[in-house]
Structures are given as C-alpha cells and as structure tokens.
Amino acid sequence: MTKEEKHIVLKTENLTIGYSSKKEENIIASNINIELHKGELIGLIGANGIGKSTLLRTLTSVQSKLSGNIFINEKDLNTYTNLDLAKSLSLVLTESLPSKNFTVFELVALGRQPYTNWLGNLSESDIQIINKAIFQINIEDLKNKKCFELSDGQLQKVMIARALAQDTDLIILDEPTTHLDMYHKAYILKLLQQLAKDTKKTILFSSHEIDLAIQLCDKLVVMTEDNVVSDQPCNLISKGTFQNLFPKDLITFDENSGSFRVKK
Amino acid sequence: MVFIANISLGSISIPTKAILDSFIGTQDNISWQHIIMDYRLPKAITAIIVGSGLGISGLLMQTLFRNPLAGPFVLGITSGASLGVAIVIMGASIFGGVLLGILASKWSIVIAATLGSFLVLLTVLIVSSKVRDTMAILIIGLMFASISAAAVNVLSYFSSAEELQQFFFWGFGSLGNLSWDEILVLAALYILGLLLSVISIKTLNSLLLGENYAKSLGINIKQSRLLIIIATSLLAGSITAFAGPIAFIGLAIPHITRQVFNTSNHKVLLPAVFLFGAIIILVCDSIAQLPNSEYTLPINAITSLIGAPIVIWLLVRKRKMMF
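Protein chains in written order, with my numbering: chain A, 1 to 264; chain B, 265 to 587.
Hints may be right or wrong, so weigh each one.
Covered stretches of chain B, going by a simulated chain A footprint (3 or more residues, C-beta under 8 Å) [to be verified]:
{"hint": "1", "stretch": "463-469"}
{"hint": "2", "stretch": "525-533"}
{"hint": "3", "stretch": "545-553"}
Using 30 Å as the maximum straight-line C-alpha spacing, the simulated DSS-like pairs for lysine-lysine come out as follows [what the hints assert, rightly or not]:
{"hint": "4", "chain 1": "B", "residue 1": "Lys531", "chain 2": "A", "residue 2": "Lys87"}
{"hint": "5", "chain 1": "A", "residue 1": "Lys145", "chain 2": "B", "residue 2": "Lys394"}
{"hint": "6", "chain 1": "A", "residue 1": "Lys22", "chain 2": "B", "residue 2": "Lys531"}
{"hint": "7", "chain 1": "B", "residue 1": "Lys394", "chain 2": "A", "residue 2": "Lys23"}
{"hint": "8", "chain 1": "A", "residue 1": "Lys146", "chain 2": "B", "residue 2": "Lys531"}
{"hint": "9", "chain 1": "A", "residue 1": "Lys22", "chain 2": "B", "residue 2": "Lys486"}
{"hint": "10", "chain 1": "A", "residue 1": "Lys87", "chain 2": "A", "residue 2": "Lys143"}
{"hint": "11", "chain 1": "A", "residue 1": "Lys143", "chain 2": "A", "residue 2": "Lys75"}
{"hint": "12", "chain 1": "B", "residue 1": "Lys486", "chain 2": "A", "residue 2": "Lys23"}
{"hint": "13", "chain 1": "A", "residue 1": "Lys100", "chain 2": "B", "residue 2": "Lys281"}
{"hint": "14", "chain 1": "A", "residue 1": "Lys143", "chain 2": "B", "residue 2": "Lys394"}
{"hint": "15", "chain 1": "A", "residue 1": "Lys11", "chain 2": "B", "residue 2": "Lys394"}
{"hint": "16", "chain 1": "B", "residue 1": "Lys486", "chain 2": "A", "residue 2": "Lys87"}
{"hint": "17", "chain 1": "B", "residue 1": "Lys486", "chain 2": "A", "residue 2": "Lys75"}
These are computed hints drawn from the structure, not numbers from a lab. Yeah, the Cβ is synthetic: ideal placement off N, Cα and C, and Gly gets one too.
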C-alpha cells in the first residue's frame, strides 16, 4: 500500500454513543474504535435497532457523543465549524425531500453551497464540478428533468451526485439502498465502489444488503449486541463474526457462499 | 403601469398625463395635485409595500415550515395585533375611561398593534427556542393565535356596539389614511425586513432539502431560523400595524408565483413574489375603489374575492401543486 492510501480520513477512539437526558445515560454502543482510510468503501451493518443510525448521526455531528473521540482528517470533530464540516463531510439521508420542484442540475448545484458566496451564485469552476459529478454518476440524460419526475433509483443517484459535488473527503450514506429493487441495490453499491476507487473519496454507508456489502466493500463495520468490529470482509467471515449478527433461531450464515440462509 | 392606473382611478378619475404632471410639479389643477400627492400616491406606495411585504413573508414561512398552508401570520402576528387593538378600542370601557383621551389618535392603534404582535411573537419565540422541531413552532404559533383570539372574544362580549364597529373596521384592513410620516416609518421597517430576506435566500434554498441536509451544507439552523422569523416579523408585523390585518395575500401570492414560474429557487421566487404581490394588491385596490363611485369596499374582501379564484384556477389547470 502506498502512503497516500494509508491516510486516515475518519478515526474514532473509545467512542460511546447513545442518548443522554438529565436523569440518565442510555448507552447504545461503546468502545467503538474504527479507522477509515482514503479511497475505501466501507459498509456498516447490523440488525435493526442495534444503533447504526445513532452511530452515523454521531459521526456526522447531528447528535453528540457520550464519550471518546472522533477525528476527521486528524482534527477533532468538536473543533469543526458547520461550514468547515460541510467541506469535509457530505451526507445522503433516507428522509424524503420536502420540495421536489428542482431540476436535477439545481439539486446537484445545492451541493456547492459551502463554497458559494452569500447569494449562492455559481462560479465557472462550480459549474464544472457539478457537471463532472453528473457525468460520474451517469445521469446526464436527467440533467434538466424535475426531481418529482424521477423514480426512487434515479433520485438516489441524483442525491449521490449532490454529495459528490460537495467535494468532501468523506461521504456518509444512510441506507442508500432502501426502497430500491435488487438490480438498483446492486447498481448503487457498485457505483459507490467505483466512486471510491476513481475519486479516492472515503465512502461509508449503512445497509442491510449484507451479501452485496461482503462482495463490494473494502472494509465492513459490524455492530452486534456485544461489540463493534471492523475488518476486511474475508477476515470477518473467517472469524465467524456474521454468525453472531442475528439471533440463531431463524437464519444462519453460510461461510462458503458468503450469504445468509433460512433454516428449513 | 398598474401603479399609474391605480393612482388614476378613484371617486374622481384623473387622466394619466395629469398624474405625471403632478409628480414633476407642473400640475395646474391644485385639487388634483392635492388628491394625488396627499392621498393617492401614499396609498399606492402603501399598497406596494403591503402586497410585496406580505407575499415575501408568506414565502419565508412556507419554506421555513415546509408547509404550503403557512402564511405570514402563523407566528401569531395578526392575532397579537388584533388583541392589542381590541384592548385599546374595547378595553377602555372595561378598564375605565383613563385611556379614552389617547384613543382618538391613529398612532395609538398603530402602537397597540405593534405592541400586541411583538408580545405574542416574543412569547412564541421564547417558547419555540425550547423546542428543537421546527414543526412545533408552527403549532405553538397557532396555539397562541387561538389564545389571543379567545381574549378578543371575551373583550368583544363586554363591549358596546360602537366599539365593536370600530374594531371591525380596523379588521377590514385599509391601505389609505397613511400620512407620509407613517409611510416613512413603515418603509424603513419594510426595507430592513426585505434585506434580511435577501440575505436568507441561500439558506432558504437549502432548507428545501430539509433541515438535516441544510445543516450538512454548513447552514447554522438555529441562527438562520431566527433570521427568517425576524424578517417575517418585521414585514408582517409593521404592515399589520399600519394597514390592519390584510388577509390572503401572504398565503396566495407565493402559490401563484410558484405556479407561474414553476420553480422553487428563491433567487427567482423572491423578486417574482415581490412583483406579483405589488401588482395584485394594486389591482385589488383599484377594484376596491369602485372607479367613479363614492364607495370604497374593504380591501380584505377584494383580495380574497380575486385571489382565491386565481389560486384555484392555477391548481386545477396544472393539476399539480408545485412546492
């Protein structure tokens, strides 16, 4: 591995996540130590309610951590201003858009907001970056369509293009494959793999598509009741991590095929 | 053009050329000069401020709350103003005659309306700073509106017929009767509100993606939310204080503009709402004059009579609500 590829984009040290109120702390997960490198595609997997969203919300500074440290580009997350963070970290969320009366170009262009002036005017270079993002995601034919005309899969691609136009080292996606059919699930994740390779961006996504994630990701972060581990998919398989992912009464992990099987 | 037509129409019709003469001071007919400079011109300027100001504050609220039913008055501004005015007009008989002396002056109504809307707005702001959810602010605003409306009802119950009539006349809204001094104060507040709205254009566009996305684009949500609310209060609050509660414009103009321009980009919408608001209220006011007759209808009735069918027609024609 070259030195550049070892560059750590996101790092957590003994991170504890959860919710705190005046009375008590509700710890969701603790002792989280992960390191994400430049140009990696990382999948975050775990059962429903295990705390994937809480982890992503904490990493993106939507919610505060309980203890431990988070570093983005070797700088403590707490020391980032909103604007600086917007230049280092972009998001693709599951929530639906309140307004879809934009053209695809306008929506992708909103990704340039951290860089534009007080009125949000686009410069020549902004327009170039937007067009490049649209090209990389392969949605040029949709460029002048309105967002309410798009299918779920198309809209997801547009949202990824918007995050790409934000030109950040780290892109975090919350369940980017929900609502999509099998083909588009594979398509979106393959696209993310391609992007991580081509643009050298670090892409972290949460997903329930464990089979696909095992095949495509450079690294997986697996959350279970007891701990949070991160490693390359093949190492995780040989360590048997996936066996503990779900209760064993219904499905088991088949190590040969790298997928789950329903107990007959 | 609409501006000139508006000035020209009234109980006495004045030709266009005479209006231009009046502006540059070469008008021979002194009574025309008087009507135009002291009555019709101030009214037309007030109309422009009212139409564009309410339209823009409606747009701000609809985007902030991501709710097409929001208008400039969801924060309790009108209800606060009407509570203030109700106390001044109708409270006098209840709280004794001490206040009666100042009742006659127009400024006392303006001040009462301003104080009323300011106090209700302040309460809404304080309560809403405790909640994280923007939607909760909407509900809180509506709740305070109900409380003030109830207080007004109680006051009305104990009031004489004359006081009630006076209060209802204020409730009709009026673009006329503003002196140049009053227009100056109104215009200053209006321009301040307008500037804050222009500063917020970028934030408003990112808010169309939802608050979480806006935040991820580097927007400071709490601060921008406060800025937008202050802009709305300045616009809608000052207008309500001086012209009474003008209905409908604030809700309808943003919808009409979105349907016509078919965009949600605030860089286009803000100036377009400004223009549409000004034009539509000038048209409404010209109609309310009932040209060449002595009667003037309440402006509130006309804005709704004209505006509502336009909105319905646009929605039916496009079969789709743009937001």
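Okay, the hints, checked on the actual structure:
1. 463-469: n = 4 at 8 Å, threshold three: holds.
2. 525-533: holds (count 5)
3. 545-553: violated (count 0)
4. B/Lys531 to A/Lys87: 23 Å, holds
5. A/Lys145 to B/Lys394: Violated, at roughly 40 Å.
6. A/Lys22 to B/Lys531: Answer violated: lysine 22 of chain A to lysine 531 of chain B is near 43 Å, above 30 Å.
7. B/Lys394 to A/Lys23: Distance of about 18 Å is within 30 Å: holds.
8. A/Lys146 to B/Lys531: 17 Å, holds
9. A/Lys22 to B/Lys486: It holds: about 22 Å lies between the C-alpha atoms, which stays within 30 Å.
10. A/Lys87 to A/Lys143: 24 Å, holds
11. A/Lys143 to A/Lys75: Given pair lysine 143 of chain A, lysine 75 of chain A is violated - Cα atoms ~36 Å apart, limit 30 Å.
12. B/Lys486 to A/Lys23: Roughly 26 Å separates the two Cα atoms, so the pair holds.
13. A/Lys100 to B/Lys281: With Cα atoms ~48 Å apart, lysine 100 of chain A and lysine 281 of chain B exceed 30 Å; violated.
14. A/Lys143 to B/Lys394: 41 Å, violated
15. A/Lys11 to B/Lys394: 33 Å, violated
16. B/Lys486 to A/Lys87: 20 Å, holds
17. B/Lys486 to A/Lys75: Holds - the C-alpha atoms of lysine 75 of chain A and lysine 486 of chain B are around 25 Å apart, at most 30 Å.
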